[in-house]
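Keeping the supplied structure of chain F fixed, place chains U and Z upon it in accordance with the hints.
If you want the building blocks of each chain, they are given just below.
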Amino acid sequence: MRIITLTTDFGTRDWFVGTMKGVILGINPRATLVDITHEIPPGDIRAAAFVLASSYQYFPEGTIHMVVVDPGVGSGRKAIVIQTARYFFVGPDNGVLSLAVAAEKIKAIRSLENPKYQVQPRSRTFHGRDLFAPAAAHLACGLSMRSFGRALHSFKTLSTNAPRVTPSGIQGEVQYVDCFGNCITNISQRELARLRGPSQVVITKGQGRFPIKEFYDAVPAGKPVAVISSMGFLEIAINGDSAAARFQIKVGDRIRIQSGNR
Amino acid sequence: MRIITLTTDFGTRDWFVGTMKGVILGINPRATLVDITHEIPPGDIRAAAFVLASSYQYFPEGTIHMVVVDPGVGSGRKAIVIQTARYFFVGPDNGVLSLAVAAEKIKAIRSLENPKYQVQPRSRTFHGRDLFAPAAAHLACGLSMRSFGRALHSFKTLSTNAPRVTPSGIQGEVQYVDCFGNCITNISQRELARLRGPSQVVITKGQGRFPIKEFYDAVPAGKPVAVISSMGFLEIAINGDSAAARFQIKVGDRIRIQSGNR
Amino acid sequence: MRIITLTTDFGTRDWFVGTMKGVILGINPRATLVDITHEIPPGDIRAAAFVLASSYQYFPEGTIHMVVVDPGVGSGRKAIVIQTARYFFVGPDNGVLSLAVAAEKIKAIRSLENPKYQVQPRSRTFHGRDLFAPAAAHLACGLSMRSFGRALHSFKTLSTNAPRVTPSGIQGEVQYVDCFGNCITNISQRELARLRGPSQVVITKGQGRFPIKEFYDAVPAGKPVAVISSMGFLEIAINGDSAAARFQIKVGDRIRIQSGNR
Chain F
56 MRIITLTTDF GTRDWFVGTM KGVILGINPR ATLVDITHEI PPGDIRAAAF VLASSYQYFP
116 EGTIHMVVVD PGVGSGRKAI VIQTARYFFV GPDNGVLSLA VAAEKIKAIR SLENPKYQVQ
176 PRSRTFHGRD LFAPAAAHLA CGLSMRSFGR ALHSFKTLST NAPRVTPSGI QGEVQYVDCF
236 GNCITNISQR ELARLRGPSQ VVITKGQGRF PIKEFYDAVP AGKPVAVISS MGFLEIAING
296 DSAAARFQIK VGDRIRIQSG NR
Chain U
56 MRIITLTTDF GTRDWFVGTM KGVILGINPR ATLVDITHEI PPGDIRAAAF VLASSYQYFP
116 EGTIHMVVVD PGVGSGRKAI VIQTARYFFV GPDNGVLSLA VAAEKIKAIR SLENPKYQVQ
176 PRSRTFHGRD LFAPAAAHLA CGLSMRSFGR ALHSFKTLST NAPRVTPSGI QGEVQYVDCF
236 GNCITNISQR ELARLRGPSQ VVITKGQGRF PIKEFYDAVP AGKPVAVISS MGFLEIAING
296 DSAAARFQIK VGDRIRIQSG NR
Chain Z
56 MRIITLTTDF GTRDWFVGTM KGVILGINPR ATLVDITHEI PPGDIRAAAF VLASSYQYFP
116 EGTIHMVVVD PGVGSGRKAI VIQTARYFFV GPDNGVLSLA VAAEKIKAIR SLENPKYQVQ
176 PRSRTFHGRD LFAPAAAHLA CGLSMRSFGR ALHSFKTLST NAPRVTPSGI QGEVQYVDCF
236 GNCITNISQR ELARLRGPSQ VVITKGQGRF PIKEFYDAVP AGKPVAVISS MGFLEIAING
296 DSAAARFQIK VGDRIRIQSG NR
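Residue numbers (my numbering), protein chains in the order written: chain F, 56 to 317; chain U, 56 to 317; chain Z, 56 to 317.
Please keep in mind that the hints were generated in silico from the structure rather than gathered at the bench.
Possibly wrong hints are sitting among the right ones.
As the list claims (entries may be wrong) - Pairs of lysine to any residue residues, derived as SDA-like cross-links and limited to a Cα-Cα distance of at most 20 Å, are as follows:
1) U:LYS278 x Z:PRO96
2) Z:LYS268 x F:ARG179
3) Z:LYS278 x F:GLY197
4) U:LYS268 x Z:PRO126
Said to hold, decoys possible - Some chain F residues near chain U, calculated using beta-carbon distances under 7 Å:
5) VAL89
6) ILE91
7) THR92
8) SER110
9) TYR113
10) PHE114
11) GLY117
12) ASP233
13) CYS234
14) PHE270
15) ASP272
16) VAL282
17) GLY295
As the list claims (entries may be wrong) - Which chain F residues stay away from chain Z? Per the calculated CB distances, all over 10 Å, these:
18) ARG101
19) SER178
20) THR180
21) THR212
22) LYS305
For glycine and all other residues, C-beta sits at the position ideal for the given N, C-alpha and C.
Just chain F, with the same shape it has in the complex:
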């Protein structure tokens, strides 16, 4: 029994995800399939990378994480599998795996080239079905890394902005907006701990003032609040409502934390 997780921008309206699962179960009927999400905004490599990095480590060792957000499908971009000390990651080499793998110990990287482990004839438009699903299924059967293709020594990574800590506070940015409208920043609990007495989070572009609390319901319904999110990052929210909608916050917006009590 091996777990294969699926993260894509395929949506759930058409047959794309079901077809990939059919291909996987045809190769390995005992695989356990878990959807992370199929609602990554079309082609949004950065969102997919963040979703994967936020979830992969809650799965048992040996899990195979497959990500298909692949705007370059059919072009010259490589298709890869990365083995780390604990997991396997399968996807296009466009950076989508990089935020998760950054925290893991890499053991091997291979290019997915061997036609024997692909659906034939291979389409130029649906590598989720023809390339990535069979690779994940064969990994779940215990196929060796070297069977897939030549060894690679690097893979594409996404640039990330670290928050800037100054005497007067921290400046960071919004990394991800979830379906509740909670805005997850790149400011971690560790950086926050370096400030003395941070009492307010101030969004520079608006009037929102977000007291840092331990949980959403620590402020009255409808009131702004900042919490440490379940992934360890500072998160801007409104108790029971959408901070993104109320304050028009989007990914990339700057967030400033002022030090001291004001």
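Chains U and Z only, in chain F's frame:
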């Protein structure tokens, strides 16, 4: 093999549901996971309670039903597991389990307190992952109820309005609007049977007149119809269209049935 | 272990799909359930038939494909199971199975009539739960076709328009619009091969001109392109955007391919 069902307001866009499944499968790789829905309107405890009450009894005995609609996450609200003669129910103690459990024979109630059966360090914002998922997984492994925490003798229940039956008819209300726009009332088949010759359902706020039929397609496409829904409640519908949209019906709206043939 | 796929218009917001899975697992706890989609537009038999025809053959032999898009539920329409050389198909007899079965060798057709293999009491509004789910589950247990009801010798089929190939080009139509806004036509790779040097696809109703390429990213982002879709049909697209939205294309719209280089 044990089934765990999941009902949440987490949506399917982010990684929340996938992460809970990873935690469950890490504890019990043989659990069978079934999504009821993850699209409960955010924080809508009553909708979640109705969805659970409409579905739980179609699962085999021993199934573990986990519900995470939890606007008070991190606050003082209790987290509980209820064992009935046939099922287990896991969720926050905010009434979300109460409509389903009302029809079952309760055997034990426990508070989820034992840190040994929680993800550590436990977040204050994602108890679905850190508290409820591990509890469900350990139940699926056969862990005893008393391992989780102290025994409780009650749990929070939701108030419900019974329909009012008078000589001239029945007055009830809309309990739930489904994704087709069908409006499920709180008037049951039993109450309806007490009327002689009910021939029309009249919505007091509009002009809709809904003849009671055995199935949707018993009226022409686009025409109003009332049927006994698959859960045994009277349901207001339009054949092939949305009654909720056409007549602007929402949860809590009053529905009146007039007795006799007019 | 048997796979059961589910294709419905039930949406994922309510409890309908979860309930069907509960019924299936109660009868056959070892069934592997795979969702194709539950977001077929309500009552859209043709869309469901196309989705099934695009996905069923990627599942291993013996898979049971269950489709519940059933606007005539409760009326006189028959409920059927079709056994082909490789698969089983379960659904209402309204044409929804016909596009997939057209490519398969039929071995038997039976009417679902035996109350022993239905949820009792059977509702008139939810045959997915009461009729089709139990039939699929019992098939997965190996129940014989003849147990379900009398043999049938035909089933309802959907009409389809073949593309028209003339000396000056091909005229076809849009069969399906996917969630990316890609518009899949009824013009197959085979018909395209009969043209000499087709260099442009021209939509008769608009100004879109779509060069035929091997993959989406062969044109710059935001530019129109036509590719052979993963199912072998010509597909109208925009690299990284929605062709359906930009050119207001919908199912049934005519597509013309001009022969020769212009």
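Here is how each hint holds up against the structure:
{"no.": "1", "hint": "U:LYS278 x Z:PRO96", "result": "holds, 19 Å"}
{"no.": "2", "hint": "Z:LYS268 x F:ARG179", "result": "holds, 10 Å"}
{"no.": "3", "hint": "Z:LYS278 x F:GLY197", "result": "violated, 42 Å"}
{"no.": "4", "hint": "U:LYS268 x Z:PRO126", "result": "holds, 15 Å"}
{"no.": "5", "hint": "VAL89", "result": "holds, 5 Å"}
{"no.": "6", "hint": "ILE91", "result": "holds, 4 Å"}
{"no.": "7", "hint": "THR92", "result": "holds, 6 Å"}
{"no.": "8", "hint": "SER110", "result": "holds, 4 Å"}
{"no.": "9", "hint": "TYR113", "result": "holds, 4 Å"}
{"no.": "10", "hint": "PHE114", "result": "holds, 4 Å"}
{"no.": "11", "hint": "GLY117", "result": "violated, 10 Å"}
{"no.": "12", "hint": "ASP233", "result": "holds, 5 Å"}
{"no.": "13", "hint": "CYS234", "result": "holds, 4 Å"}
{"no.": "14", "hint": "PHE270", "result": "holds, 3 Å"}
{"no.": "15", "hint": "ASP272", "result": "holds, 4 Å"}
{"no.": "16", "hint": "VAL282", "result": "holds, 5 Å"}
{"no.": "17", "hint": "GLY295", "result": "holds, 6 Å"}
{"no.": "18", "hint": "ARG101", "result": "holds, 15 Å"}
{"no.": "19", "hint": "SER178", "result": "violated, 4 Å"}
{"no.": "20", "hint": "THR180", "result": "violated, 5 Å"}
{"no.": "21", "hint": "THR212", "result": "holds, 20 Å"}
{"no.": "22", "hint": "LYS305", "result": "holds, 19 Å"}
Comparing the model with each numbered hint stated earlier shows that hints 3, 11, 19, 20 do not hold.
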